[in-house]
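These are the residues of each chain, in order.
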Amino acid sequence: MLISPRTSVARIVAALLCWFGCVSSFARVQAAPALKTVRIEPSNIKLEGAADHRQLVVTAVYVDGSVRDITREAKYFSIDACFHTTGFGVISAVADKVGSIYVMFGDKRFEVPVESRRASEWTPPGYRRDVVALLSKAGCNMGTCHGNINGKGGLRLSLRGDDPSADFLALTRDSFGRRINLTNAGASLLIAKPTGKIEHEGGVRFGVHSPEAAILLNWIMYGAKDDEATTPRLTRLRVYPERQLNAAPGLTQQLSVTAEFSDHTVRDVTTLASFDVDDPIKVSVSAGGLVSRKSAGETTVSVRYLNGRAISRLAFLHDRAGFVARSVPNDNSIDAAVFAKLNALKVTPSEPATDAVFLRRAHLDSIGVLPTPEETRAFLSDDDPHKRAKLIDRLVVRPEFADFWALKWADLLRNEEKTMGDKGAWIFQRWLRDQMSADVPLDEFARQIVSAQGSTHRNPPASFYRTNQDPQTAAESVGQVFLGVRVQCARCHNHPYDVWTQDDYYGMSAHFANLSRKILDETKRDRFDKHEINGDVIIHLKGRPGMVQPRSGAMMDPKPLGAKSSWKRDDPNALDDLARWLTRDNPQFARNMANRIWFHLVGRGVVEPVDDFRDSNPPSNPELLDALTSEFVRNGMRLKPLVAFIMKSRTYALGSDTNDSNADDESNFSHAQIKLHPAEVLLDAVSLGLERPESFSNAPRFARATQLSGIQSGSSFLKTFGKPDRLLTCECERSDATTLAQAFEMLNGPSIRSKIQADDNRIGRLIARGASDDAILDELVTALLSRSPTASERADLLAHVRKSSDRRRGWEDVAWVLLNTKEFLLRH
Amino acid sequence: MTQGCNEFRESARFTRRAMLTVGTAGFLGLSLPRLLAAAPIARKAKHVIFLHQWGGPSHIDTFDMKPDAPEVYRGEFKPIASQAPGITLTEHLPRFSKVLHKFAQVRSVHHKMKNHNSAGYYSLTGHAPPIDDQRLRDTLELYPAYGSVVSKFRPVDDPALPSSVSFPYIVRDGSATPGQGASFLGKGFDPFFIGRDPSSSSFSLPELSLPSQLPLERLDDRKALLGKIDAQQASLHSAAIARGIDKFNDRALAMLASPKVKNAFDLSKEPAKLRDEYGRTTYGQSCLLARRLVESGVRFVTVYFASTIGQGFGTGGWDTHNNNFNDLRDRLLPSTDQTVPTLIHDLEARGLLDETLVVWMGEFGRTPRVGANPSNDRTGRDHWPNCYTVLMAGGGITPGAIHGSSDRIGGLPATDPVRPDDIAATLYWALGIDPNTEVFDTLGRPLPIAAGTPITRLFG
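Protein chains in written order, with this note's numbering: chain A, 21 to 848; chain B, 38 to 497.
No false leads were slipped in.
Computed list of lysine to any residue pairs in SDA-like fashion (alpha-carbon distance at most 25 Å, straight line):
#1 A:695 with B:277
#2 A:428 with A:708
#3 B:284 with B:246
#4 B:149 with A:570
#5 B:103 with B:124
#6 A:302 with B:276
#7 B:103 with B:438
#8 B:189 with A:297
#9 A:66 with A:253
#10 B:265 with A:828
#11 A:550 with B:207
#12 B:224 with A:686
Since the hints were derived computationally from the structure, they do not count as laboratory data.
Here the structure is a predicted model, which means the values were calculated and not measured.
Model the full structure from these sequences, guided by the hints.
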């Protein structure tokens, strides 16, 4: 058998790497558990035709139950010459035979049966199965390269190979067919460019002697034909493994990708599949499907081949020899899911938060209001073992709870004055607040919104169609808010990394196509502004629903996203059907709501971003999402019981101080999230802490920022700290970024300055009351930080006040310092 | 937004045609490899001064004159010669005629947005808006300002210095024009905005000046005390977001304390004679401020000519639907003639012109036919996105270069049509930023910072 120089070099390198790997791993894990067995996928191999091959994936299983990918460490050989093996675990056939190959690992040998047929029959590569996949794999049709809407260097391909027929024309016909040279295939631009024989802006994509070049060369030599009519369709794409936790020191995982076709053939397409990773800085995937992670952690690899998709969820564990698994609680399904995952990842959660931290967090997360000094003292001195649970039960029935959760919905449902009108914004806000206060089941809440008609002033949920004016926007908003999916891409082209097609998109939009609006008492200030509506709007239906799919020209009947069939178009009201479909036994509705509520309390969704549910963005802990969802459904899809359930979990009550094992954990909830408070909460905290209410234009006196209806009242403070403009149906519109403008606002902005300097603020009242410095300090720290001052804080702060020439100004400095502490600014 | 998709497809069709053109060029023996070759990223420009001419200046009455066209097109003004052979400009820019040979001109810029806000957004970002809307809404779905993109990809190293500064107005037409902020890049990349008049004697920045009861020393005291208290919550203090807060606090304090920044904004440091030469107008002193900022290291400076579009009656910008010739002759051109040539001379005298790309452009040009709209006063020109002129100087551009041309009445591009997308790509390219660099919008979609192709021919 011929061995090319390249292969032998690779083998030597592989051998060296393996040797180093063995030595270093030997040094590090002397106490590694004994090998129990080795798992080989596939366990038997059938090869058909000369070009066929199989990627093996070999996994070591140890006696303690841990596993690790050893595909690159195992050795492969065949005792006769009929089968060919590589050091990477790829098996191919030279002749027809029923036999075996052997996999060696350590001193153990495993046999894998192999059957090869028609090994001498070679079929040239096809356009649809090979060339199209290769263009994606080599990155030719990426958005930055030829997949750009303008193409690149004159060649334009469809984005990520979405349209192979158009690409075929581009490759073979455009530029007078000069990209393909049928008489001298090797001289074709299509080969000369990516292999670097001719200057190529995109660089060398693959070598002259690579398998990719061979595919292109052979395809061109055999006539560069489109074989659409004769090629079987892809019916299923599988990746192995779909989920694996690799024990240390493993940081690599071989993947194998198999495609099933409509003619029931199965093909190993590992080398033709494209791999995308969630964190390209830490993770890479070789052309042959070897995933390498720079350090321990979790990774989701998305696999694409033609129009098929699959994902592999991998973890590479730290070597934590002394790790002691925590017992997994069985009295709370959230904790059961979270702690089981943490144990599997060998991550130790943070210690529970102190009472003071918990009190502050519980208040700010659930009602958006600081505890008063009285509440803080009462809670901290209470020795009832159930005081946290009782606190939570008190919080969810407070009126501020309704204000705060109405605010979150007002963001998503885009309650802003330009489109709603001042009056409309208050009406809608009051309706949202009433729903939250009454704890209306969220399916009922959604049903009222989606099926709403009539006057937006008399039937406030109809305001949804006041802001979402065209059918496409309404479809996008319903998808994003109520199902947690982003379908926007499919407006113009099939979604490149999700299942949504343009048919799905326009089928969903069709529900809203016969919505009509009549504006009453229009008193808009700017007659040129189409977005401004200042009167009442009557939402009504006119004609039948249905929408033209612009690319195919087909008239689409209303069909919900992901539903199997469409509604009949002769019913003019598709909205009721949609609302029913959305809220009755729709698992995605409940999953989305549960995930959003978790996000608002914990600071991060189980699926993150919360409105981006798709196969390639799986939940970080599927069992946790299931637990939240079933609890939500069990309680009749009400908000308050789920809020209380989450807040009573151990997971919610964890501290934010991290340890060595969980410091870099972002997605497994092993510690409390530290993040900037929402703008309104922060401003209210300043106001309440200093007892100086903010005055807002166009709002009742003493209103809190969380109670405002729209976006226009309030100083620059709210905008600067990320209050959204409410023009997008996306949680992402609320910014939690830190900025320079915030620094100026906190250093010396008007909101902060006026509250600190006001004569009758908390400082002023304490001084007027003749309170001692110690008493003032106690009160200020308790009011602002929800705890008593520590001894060293007391010493530092009192020393500052005493050395100040002006006592009042000294206290102002102290107040400024407390407002600027991370403890005040950050949720923790 | 549906229109967005039509636009999207249309541009795709357009390129297929363009692609054929490239193929033909190759066939006819032009150097195809050179056409297709990687455009090496220029790195000559270190700064950009973007002079935005809000309202839409008439191209025919300024730099793309049509003296041979019938009077109803050519208008009242006569061309005069510049120092570059064959390049003329209006008689009402006599000082400009002495520097025009230092500019390159693109005379075939075109798009389809007829409303100020949509066209303005296009001119400020290089991306076509989804709809042509008089009150285009500024949402996070729209693209960021040039200065924001540049802040992200080629920031200034000095923490006391903003990467991008814009002044002296937020431009609006009924509602604020989108494209003046960082949009989906995040507020951290917003240009540092100054909404005050640099020609005012009391011009200063409240952000950079502390009130008398809070002098820098007291602020330093407070910071020291804060450091002590924060240090007691060590774990909170080390969180990534806490470090972000500290970073910006330090920057804010550095800006307050830095003489360099204060100095850059202190126009009183300039000799009175030079200030006079720039013109003691908002625009004149704004351009002087632009030069001072560039000199101190700011990367991208946007100067808005006017806050409103103007209506041809002596205020605001270049929107001369009425009274076109009088308003140009009496106000808009004299102010331009006073300021822009001074800026060019001043940059050159300080050796800054080579590394500073100066761009002069509005959101569109104006109708070739005078008084075409009967509802106006017959002496106006209306909105004309179909063809207009963009000027660039410095930053490695070839002086005197003319790219593209318009037809005999200035109505449509005759050769080398250029879209604002290409202007955007050119700006980024000149600054050494690959125009194909991808950014991610709020939905996580990868989008190129510029959808066009840099006009590399303009650079030597």
